[in-house]
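Student: In order, the protein sequence lines correspond to chains A and B. Under our numbering, the first residue of the first sequence is numbered 1, with each subsequent residue one higher. Under our numbering, the first residue of the second sequence is numbered 1, with each subsequent residue one higher.
No lab work stands behind these hints, which were simulated from the structure alone. Any given hint might turn out to be false.
Chain copies aren't distinguished; within one or between two, either way the pair holds.
Cross-link-like lysine to any residue pairs, in silico, SDA-like; alpha carbons within 25 Å at most [as the list claims (entries may be wrong)]:
#1 LYS193 to ILE26
#2 LYS283 to THR136
#3 LYS124 to GLU75
#4 LYS193 to GLU220
#5 LYS283 to LEU102
#6 LYS283 to ARG170
#7 LYS193 to ILE79
#8 LYS283 to GLU202
#9 LYS283 to GLU220
#10 LYS193 to GLU59
Listed below, chain by chain, are the residues.
2 protein chains.
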Amino acid sequence: MSGLTVGVDLGGTNTRAGLVTESGEITVRSRTPTRLDLGSDGVIEGIASCVNEVMAGQEIDAVGIGAPGPLDPYEGVIISPENLPCMHGVRLMDRLEALLSLPVTVDNDANMAACGEQWLGAGKGVAHFLCITLGTGVGGGWISNNLLMRGFNGNAAEVGHVSIDKDGPRCPCGNYGCLELYASATAMVRRTKERLVGERPETSLILDGLSTEVIFQAAEAGDAFAQEVFEDTGALLGIGIASLASAMNVEVIALCGGLARAGDRLFEPVRRVYADRGTVGVKEYVRIVPGLLGDDAGILGAARLAGSQV
Amino acid sequence: MSGLTVGVDLGGTNTRAGLVTESGEITVRSRTPTRLDLGSDGVIEGIASCVNEVMAGQEIDAVGIGAPGPLDPYEGVIISPENLPCMHGVRLMDRLEALLSLPVTVDNDANMAACGEQWLGAGKGVAHFLCITLGTGVGGGWISNNLLMRGFNGNAAEVGHVSIDKDGPRCPCGNYGCLELYASATAMVRRTKERLVGERPETSLILDGLSTEVIFQAAEAGDAFAQEVFEDTGALLGIGIASLASAMNVEVIALCGGLARAGDRLFEPVRRVYADRGTVGVKEYVRIVPGLLGDDAGILGAARLAGSQV
């Protein structure tokens, strides 16, 4: 055992890999465009070449791959991620193990980010930890008693599909009022556009080029409507967190992804609403904090999880 | 190690104990009124005498106590259950270990019921299992990968306080729209009374002596309003289960408590709503079933959990 592992973040646009030491340093990195145009063979060769590049002939113990879900982590099979259409049904673990002659672990990117943050970031030393990623959707990775919770078929901690409103709009997942429809970056932009059109509020925001970053800058510049948008999004996230905390009883909840970089503008309403709605005897101990590892969380977590399974 | 353990169900009315074999037979039973009037000393002596009675001088390995929550299972301390006022803050584990000279495990009654059902009942052989108890409240006990999920301070799987409606009524727990406000036996009776008064429906039901059993009998006798009450309660429970399944990814969900004895009248709407709202790729595998052990689930689970920890 060399103590070295490789973590890979497989995205719809780029494939990134890092050589990770036992203490959690990424000593070598590589990146290549994810060649969806070449089909699954091209994507898998891209992963293998990234891995080989960071290994540079050194001996490593295992490779971990974080990929978009849904996937089956037990079998290492990609199921049906929207942004990797050519990979649906591909037995990624088996194919990479054959190519690399190394043990390969596959899990979804949110789980890998949670493993990374719990190892070295916002959840360091925290045995009961939830990592929520706010992006296109709302993803979750959850560690209980220092173990990654996968559930019976790898779909635990799908926190974006916990409903906060039984009478809310239908989600593509089939449920109604899913947290993802209210608190993802995508949802925040969509709801803001709807309000711009429907309410014509006094604001510097315009439909064209609207993003969470643009809304954030406007809020920082004193735009009251933009501030209200953050307030509302944070409050809705806090409502979801109150339910998640009742199910999971985690001590630390980290918020990750671009939206979490808004800092107190997001965290203040999240924490206030959770303080109002959380259970007495629990909420006093729960900390809601920003993720600390940024884009490295997935690579570090994938390396860590793979290393723990050999 | 004798392989024998004692399981205790500490309730606000009765304290019950059973001597449990390694294969899960309850070979001796005892029961005594819970002497709340004598304070914590009286309650603890009642437990000890029940345990001694079923042991009858035999060697046993451990004692497990299921008690109403909230409690701290790590320290074995009763916190603040409504129906055991004299026990608030009592270090039950320490006090019983001193009295009995045996290892004692304390956990909440819903967790113990889940352990029992997973050992010998509705969750037998199921690694990822949720047991929901429908009674005064809605309690939950959850096993993931064959381990009881306790969370950082023993409050995991408080499924009754997962919200199904962010704008719903406030729950005594502090949250709004909690599942417990819609799907407990108590809530079902309360909502029925409200409708009887507010809507004056055509029904054989009357306010006086109303219970879930009375509503069930009326529904069986063809009372359309009573049938609708079950339909609504089941649907609301199904809505909560869709969220719980997204967080926990369990394969089997058992419904326990008196209300679950209504059979298809309750299970049909629960399953139908979950089939509508559950996540594709998960819901096809999830089974929602009745608990099988009745009042013995808690004693068996307490014995099992205690035995597993020595």
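Student: Compare the structure with each hint and give your call.
Tutor: Hint check results:
1. LYS193 to ILE26: Neither. Shortest intra-copy (40 Å) and inter-copy (63 Å) distances fail the 25 Å Cα cut-off.
2. LYS283 to THR136: Between copies only: 24 Å across, 28 Å inside.
3. LYS124 to GLU75: between (28 Å within a copy, 24 Å between copies)
4. LYS193 to GLU220: within (19 Å within a copy, 51 Å between copies)
5. LYS283 to LEU102: neither (44 Å within a copy, 34 Å between copies)
6. LYS283 to ARG170: between (30 Å within a copy, 17 Å between copies)
7. LYS193 to ILE79: neither (32 Å within a copy, 48 Å between copies)
8. LYS283 to GLU202: neither (37 Å within a copy, 45 Å between copies)
9. LYS283 to GLU220: Neither: 29 Å inside a copy, 43 Å across copies.
10. LYS193 to GLU59: neither (52 Å within a copy, 71 Å between copies)
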